[in-house]
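Undergrad: Listed below, chain by chain, are the residues.
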Amino acid sequence: MIHFQLVSSSGTKFDSDVYEVLVPTQAGTIAVFEDHMPVIGAAAPGVLSVREKSSDSDDDMEHFAVSGGIVQIDGKTARFISDEVTTSDEVSEQEAQAALARAEELMASADTQALVNEARRSLHHHIAQLHVAKLRKRHHQ
Amino acid sequence: MAQTQLLNRRIRSVKNAKQITKAMEVVAASRMRRVQEAATKTRAYGEIADSIVRQISNTQEAKHHPFFRPSQNTAKLYIVFSSDRGLAGAFNSNIFNNSLRSFNEDKKTGRTSSVIVFGRKGARFFSRFEGVNLVGEYENLADAPDANVFAPVIDSVSNGFSGGQFGVVNIIYTEFVSTLSQSVRNLQLLPVPPVEDETTQKVIYELEPTNDAVLTEAMKLYLEAQLMRAKVDSSASEYAMRMLAMNSANRNASDLIEHLTLELNASRQASITQEMAEITGGANAVT
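Protein chains in written order, with our numbering: chain R, 1 to 141; chain Y, 1 to 287.
Next comes chain R alone, as it looks inside the complex (with noise of 0.2 Å):
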């Protein structure tokens, strides 16, 4: 069991220990058990899963949809820090096809680079968030 800590601006989202976190980072998604060796990554905005036990199927994963940011791991703990998480119970699909919309005319009206970024940024962790809110759904079915 590897100890897991997940962190957002606004307060801790996870923390607790878990057999296996897929995390989302630049070079692509990478899976994190026990004894990894030492990384600090740069994620990517996407969807972030966690397996609690190791008899758990993918249907039982947990995710959650974040914006980016950094993870730590050392072997026998694992830090992701992000300014945005999303828990798979505080969005609903269309909520988050309503904040893509939105990003997504952000992205269009967005005149400086810095805009860009930002809005960039937003429109793929609310793609994410939709991701997440899909993934609920089909778990409920």
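Heads up, none of these hints are tricks.
Simulated crosslink set (DSS-like; lysine-lysine; CA at most 25 Å straight-line):
#, chain 1, residue 1, chain 2, residue 2
1, R, 134, R, 53
2, R, 76, R, 13
3, Y, 202, R, 76
4, Y, 41, R, 13
5, Y, 202, Y, 63
6, Y, 121, Y, 107
Covered stretches of chain R (chain Y as the covering partner; in silico rule of three or more C-beta atoms under 8 Å from a C-beta of chain Y):
#, segment
7, 17–29
8, 34–46
9, 61–75
Everything labelled a hint here was simulated from the structure, so no lab data went into it.
Think of the CB as a built atom: it goes at the ideal place given N, C-alpha and C, for glycine as much as any other residue.
The hints should help you fit chain Y onto chain R, whose structure is shown.
TA: Chain Y only, in chain R's frame:
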């Protein structure tokens, strides 16, 4: 009679002022509690961001990065957190005094000072101040804003730092210790100050996917967390100081009302005594 009317009018006006200060005290207290909760959450975020940057600063890659290496450039940028509104005791003047002390030290050592200021009061103060370059001003921020609110500031700080506009970045804000105690902090943000910490483990981390990508993302999170912590702590301190200021205004108003009421009673008693004397004098004259 005229004196009694005047005193009545003054008592009424002090009572009205007291009602306002009482309401402001209650509002400040409830907002402070809300911001305090946000401060606890932001602190956890800030501490982790801090510890990750500390781990990165131990790596060889970071030692050559401009954000970690002491700079030859003497220009200094201050990010100052003031408030949008007044009536918060010495909140803003403490911040301004600390800033002025730093500007004077810079002047003595031949450094130039620039300022990015949060809050209307600070924007007004620094725009009138000569010898300091006001780079940016931000007003009407929420008490505990979203992290992306700071994106333009982080952008201008990173660009200015990499572009050589300034070699040191400091942050000046009021730290919330407790309801009764708040202190002004003046901390160096960039270059990241080296930490001689025995507890920092000497683990050698691999930076993935590239050193630059990790350093860029980590610095963004670090600056965001520091600005966020400073803003939330400043808001909590502002409300705590306003609450105390309004509480003492309330007490002063009560004292004043008591004093004026005594004066009013004396004046009314004097006029009654005078009327009685006049009646008795009149009756004596008739008999």
